[in-house]
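S.K.: Let's have the full structure, built from the sequences with the hints guiding it.
Listed below are the residues making up each chain.
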Amino acid sequence: MNNTIVLPIVIPIIAGMVMVICKNMIKLQRYLSIAVTLLIGAAAAFLLEQIKREGVQTLYLGGWEAPFGITLVADMFAVLLVLTTALITFCCLCYAFSSIGADREQHYFYPLTLFLMAGVNGSFLTGDIFNLFVFFEVMLVASYVLITLGGTKMQLRESVKYILINMISSSLFLIAIAFLYAMLGTLNMAHLSVRVAQAGQGGLMTAVAFLFLIVFSIKAGLFLFFWLPGPYSAPPTAIAALFASLLTKVGVYGIIRLFSLVFYHEPNVTHLFIGILAAVSMVLGAMGAVAYWDIRRILTYNVVVGVGFILAGFASFTLEGMRGAVYYLLHDMNVKALLFLLGGTIIHLTGTDKLKEMSGLIRLHPQLGWMFFLAALALSGIPPLSGFIGKLFVTTGTFQAGYFWLGGIGLFTGLLVLYSVMKIFMQVFWGYTNYTAETEKGTTKGLLWPLGILTAVVLFLGLGAEALSEYVDLAVAVLSDPRLYVDAVLSSNL
Amino acid sequence: MAYFYQVIALPFITAVFVPFLHKRINPRIHTGWFVLFVPLILFCYLCSYIPIISAGRIVHLNLPWIPSYGLNLTAHLDGLALVFALIISGMGFLVTLYSIYYLSKFKEALHNFYVYLLLFMGAMLGVVFADNLFVLYVFWEITSISSFLLIAYWFEREKSRSGAQKSLLITVFGGLSMLAGFILLFLITGTASIQALMNKVELIQSHPFFVPAMVLVLLGAFTKSAQFPFSIWLPDAMEAPTPISAYLHSATMVKAGIYLVARLTLLFGGAAEWFWLVAGVGLVTLFYGSLNALKQTDLKALLAYSTISQLGLIMSLLGLGSAALYFGAGKEGTVYAIAIFAAIFHLVNHATFKGCLFMVVGIIDHELGTRSIRKLGGLMQAMPISFLLTLTGSLAMAGLPPFNGFLSKEMFFAAVLKAGEMPFFQMGRWGSLLVFVAWLASVFTFVYCLIILCRTFLGKQHTEKLKKKPHEASFGMLLSPIILAALVIIIFFYPNVLSRHLLQPAWEAVLPTFAGAASLQYEIKPWHGFNAALLMTIGVVLLGFFLYKTFLKWRRFLRLYPHRYTLNNLYIWLLEKTEVFSRAVTKRYMTGFARDYLVYILAFVILVVGGAVYLFNGFTLDFSRNSAVSLYEILLLLGMVSCAITVLLSQSRLTSVIAVGGLGFMVVTFFVIFRAPDLALTQLVVETVTTVLLLLCIYHLPKFKKEKSPWRFKLVNGVIAIGVGTVMTLVAFSAYAHHLFPSISGFYKNSYQLAGAKNIVNAILVDFRGFDTMLEILVLSMAGLGVYTLIKLCLTRREEHEGSQ
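Chains as they are written, first to last, in the working numbering: chain B, 25 to 518; chain W, 140 to 944.
Hints were generated in silico from the structure; no laboratory data involved. Just so you know, these numbers come straight off a predicted model, no measurement behind them. There's no promise every hint is true.
[Stated by the list, open to error] Sample of chain W residues lacking proximity to chain B, with all beta carbon distances greater than 10 angstroms (derived):
| # | residue |
| --- | --- |
| 1 | Leu225 |
| 2 | Pro368 |
| 3 | Cys593 |
| 4 | Leu605 |
| 5 | Ala671 |
| 6 | Phe684 |
| 7 | Leu787 |
| 8 | Gly801 |
| 9 | Gln892 |
[Claimed, not checked] Covered stretches of chain B, as calculated for chain W (at least 3 residues, CB under 8 angstroms):
| # | region |
| --- | --- |
| 10 | 54 to 62 |
| 11 | 82 to 88 |
| 12 | 244 to 252 |
| 13 | 264 to 278 |
| 14 | 281 to 289 |
The C-beta atom is built at its ideal place from N, Cα and C for all residues, glycine as well.
M.R.: Below, the structure is given as structure tokens:
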């Protein structure tokens with residue numbers, strides 16, 4: 025029993041409720057939201073150390089022991105993600121202070137962001153599959169409101185698609201849970217793991233596993249990503265960055281959790297299939313990124329490539345591959361947030377997102393340019409930045425598993441990714457400068473320092489990968505040996 | 140040994156401070172003066188290792204980076220690394236010195252220039268010292284990146300940008316291939332240390348990954364060293380300022396591929412694939428480069444192609460020399476091993492004479508504002524020192540005495556002749572072709588060397604075509620090329636001093652298995668009697684002179700090759716087509732219609748879930764646990780079906796809404812029949828409220844029109860709808876039949892004892908799973924907020940912009 029686990033969920037909810045009441049006290053909302061992210065970051069850091077010392081931590085909510093009540097489980101993988109979420113939310117909030125506008129601030133932007141964060145954190149921390157569904161709902165409804173917040177024409181148009189597709193996927197999720205419950209009679213994930221292991225993963229079980237895979241794939245943008253590029257480019261920059269960085273990753277987390285903890289008995293079927301989907305997503309995503317000449321679209325297609333790459337590592341189901349997947353996941357969350365914020369800043373400055381209308385921005389904004397350059401390199405896994413370690417291990421893992429095609433596609437699409445983002449860099453920042461400080465549509469005042477933090481993390485995750493290695497390896501240990509998770513949850517009974 | 144890492148890291152450390160320093164001192168003092176000390180210190184420091192290395196010792200140092208994964212900055216300092224490191228730091232010094240006079244401190248963004256340069260210098264040293272393959276890759280990519288930045292140093296120019304992009308794409312492509320190759324090597328042996336790999340040669344050579352790993356690694360080496368057909372990036376890289384061309388694109392970075400091939404010769408050498416790939420590609424590049432150099436009119440482009448050609452020469456020597464490993468240590472092997480010695484020797488020579496030539500071309504460009512040989516000519520009087528420098532450089536390149544190029548060129552001929560007679564590796568008749576190609580390429584080399592020299596400095600002066608009056612450059616600018624030219628001559632006269640201290644240890648480092656055998660000794664002699672190699676040189680000179688004299692007559696034949704089918708156009712075509720094709724594919728499936736996306740998703744559900752059930756025999760029916768179906772239930776079912784059909788077929792909205800409501804109420808009745816009053820009540824409320832709300836909304840909606848959609852549209856909809864329904868029903872039945880374990884719900888039966896609640900459902904909702912309920916409340920309140928904001932906040936685009944200010 026460890027009560028700290030519930031903090032990343034409860035703190036933002038309570039703070040959010042306070043903010044809903046204090047609707048017009050914007051200053052308070054700002055400080056409070058920042059404080060919340062810092063608190064959650066501290067709680068996550070505390071948990072990290074605790075897990076390192078004592079192994080996987082659990083909390084039986086209401087004192088109802090597993091598998092009867094809802095259990096929260098904090099393993100290294102989940103807590104690393106919670107910590108990253110706190111960092112990214114912090115930066116996006118800081119960015120929002122000077123960019124989101126008073127109207128949105130007065131219309132619950134901060135509480136909704138915190139609720140979104142609660143949903144994301146909960147999804148990472150819960151050990152109960154129905155509760156996971158509920159957290160998905162929390163996250164999604166918050167995202168529905170955030171995506172429409174402001175009610176511009178484009179937002180409304182895209183939100184209809186977004187809500188429609190997510191409703192369908194939520195109902196599929198619910199159906200899948202019902203199927204699973206009908207067969208196994210339980211909802212606790214550790215318990216599910218035990219029961220599947222006992223009964224064997226038969227054909228029907230695999231079919232249900234595929235249904236879960238589809239549900240999470242829709243959320244993650246793995247192969248079923250068609251809905252993603254539109255809605256991710258509609259909302260204001262800070263929100264879009266949050267979405268790109270966090271929401272898809274919750275789907276990725278779902279796939280990794282479920283297929284390492286419960287449905288891990290037929291990797292030649294399920295994991296190979298994940299690998300194929302990952303390969304197709306990387307190819308289609310990279311093609312989309314190469315095809316277009318506007319910043320937003322290039323970046324959103326890159327979200328798809330990233331998801332494919334993470335899951336390629338997981339699909340290999342080797343120690344190296346999963347280690348790579350974890351590293352790359354952390355890197356991807358960070359760098360996607362950074363790139364979306366940078367892209368948004370560029371659009372804010374130039375008033376357009378068409379690459380062909382921009383030129384020579386680096387003379388006026390060297391910091392912005394170099395941050396973009398670093399982010400672009402990191403995105404394509406150029407060493408020694410944050411993407412490299414992940415790329416190295418993911419590729420090693422896929423080769424080790426004999427999936428040479430998968431590793432090869434991963435490397436090659438990396439090149440296309442580099443091409444697509446370097447295209448942005450060269451078009452936007454190089455060339456003749458056709459702006460002056462006066463003709464610009466906006467300023468970078470107050471926007472640069474959150475970007476600086478994220479850039480520093482890009483550097484740190486690459487150069488200082490050693491500092492993380494212990495934690496990542498502990499995360500991978502649980503992923504590759506589900507008994508560690510199961511024993512922690514069900515130790516007291518069964 | 141002390142302070143090794145501190146000194147090697149000096150370029151990186153200085154790079155951090157350069158921008159601040161630049162801000163302080165520019166334009167009072169040229170920033171280059173402060174950068175200059177970095178390569179100087181490096182060079183002097185590295186020189187202190189020469190005695191150690193030439194005594195046959197090897198320095199191995201370790202600095203942890205990511206020790207958990209074995210990624211350490213292990214430095215392996217042997218002869219080969221030292222030769223490269225000295226070239227890097229030595230040329231670095233000369234180039235920095237040269238750049239101080241070349242780049243104006245008033246016009247140029249010097250801080251950028253020197254940061255990139257230092258970054259490159261550090262990374263390149265990292266490449267040659269790294270013992271870990273992956274660390275080598277790290278530095279390898281940093282050199283690509285810094286080269287990218289340096290090529291696009293004048294980023295306003297379109298050509299600089301496209302040249303930079305091309306070099307980046309090609310070298311990163313190669314880098315990624317190389318990484319894949321390294322990973323394969325790692326998987327074969329379980330180690331990434333080059334030295335450790337050397338002990339597992341047999342394991343590697345017998346492994347099925349051997350050839351793939353070799354090809355992938357070579358892709359990296361070939362792209363970096365501008366070997367055919369990847370050479371196309373190098374001519375475009377000439378958009379970089381000339382000091383950079385002299386440094387990265389002729390003396391150092393492009394030799395990283397050569398370094399890699401030399402370093403891994405022991406691993407792969409002795410295999411026929413390696414021999415043919417390295418030697419073959421090298422020779423083709425040698426020929427291709429020299430032939431294309433003839434076509435150029437821009438001096439820098441000419442030098443670029445000549446660099447390609449010379450790199451091919453060195454590469455082919457390494458390939459030819461790898462035959463030594465076929466024999467292993469011993470007399471027979473050593474005969475072939477001399478080619479490797481020649482490669483290292485020529486590498487040093489090339490750095491000296493090509494560096495000198497580039498710098499002179501830079502001087503001409505700087506002083507006269509053009510590099511086109513059409514506008515140049517007769518500069519000997521105006522620029523006598525430059526003339527002498529060019530004379531030295533170009534004749535060395537052409538392979539004439541008394542310049543160092545002569546020595547290595549002779550060794551090249553000897554090696555090719557020896558290889559041509561090889562009785563193994565299926566040499567057979569290819570041998571004579573090999574010799575002929577090498578010889579012909581040398582003839583072309585001779586011709587273009589004469590072009591550089593004579594068309595620029597001899598003949599008539601075209602003063603009218605020049606913007607500035609020809610005059611000699613300042614002494615500072617001439618200093619670096621003079622040092623290099625002096626080296627060119629000194630090495631010719633004292634080659635064995637160099638050989639003993641540097642080349643010999645480097646040779647032994649490439650072939651450590653030979654080193655002990657004491658047979659690895661070679662004395663460089665300028666004169667070795669009338670042998671075949673010398674005759675070949677004489678032939679080169681004679682035919683070369685003839686071809687140069689008649690150049691204008693046969694030049695047009697060179698242009699006969701259609702411009703459309705060049706490699707460069709292939710690259711452009713590929714780039715364009717990738718974009719066009721990608722867009723076509725993406726637009727095809729990304730229609731922007733939610734309906735299409737739903738079709739994809741649901742069709743995928745049918746295929747995957749249905750397919751899995753079918754393939755893995757998941758479908759089972761078992762009604763034994765079912766209770767009897769009563770008449771009420773059948774009636775209710777029929778009612779629900781008819782309601783659903785009514786929704787589909789009805790002509791007015793009102794009917795549809797009422798039918799939906801009806802469906803809901805029948806579900807309520809089901810709950811009642813199954814004795815779940817709580818659920819029934821909840822559902823009743825929900826149904827009532829939604830129906831009323833829908834009816835309210837209808838009032839505001841536009842007139843209902845029957846959709847007229849094509850039958851195919853409806854067919855797809857129908858198939859998808861029926862498919863999803865069928866698959867879900869089948870899986871549901873199977874899941875029900877597949878009841879493997881008792882449900883945990885038994886636990887809640889004694890809810891009164893556990894939670895003090897007589898109603899299980901309530902106990903579950905507010906106690907056992909109260910957390911879910913709390914979150915659902917949160918969901919509802921958020922939905923409420925959503926509705927509120929949708930009504931209240933409607934920004935237009937303009938307002939949004941103002942709001943954000």
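S.K.: Would you list, in rising numerical order, the hints stated earlier that this structure does not obey?
M.R.: Hints 10, 13, 14 contradicted; others consistent.
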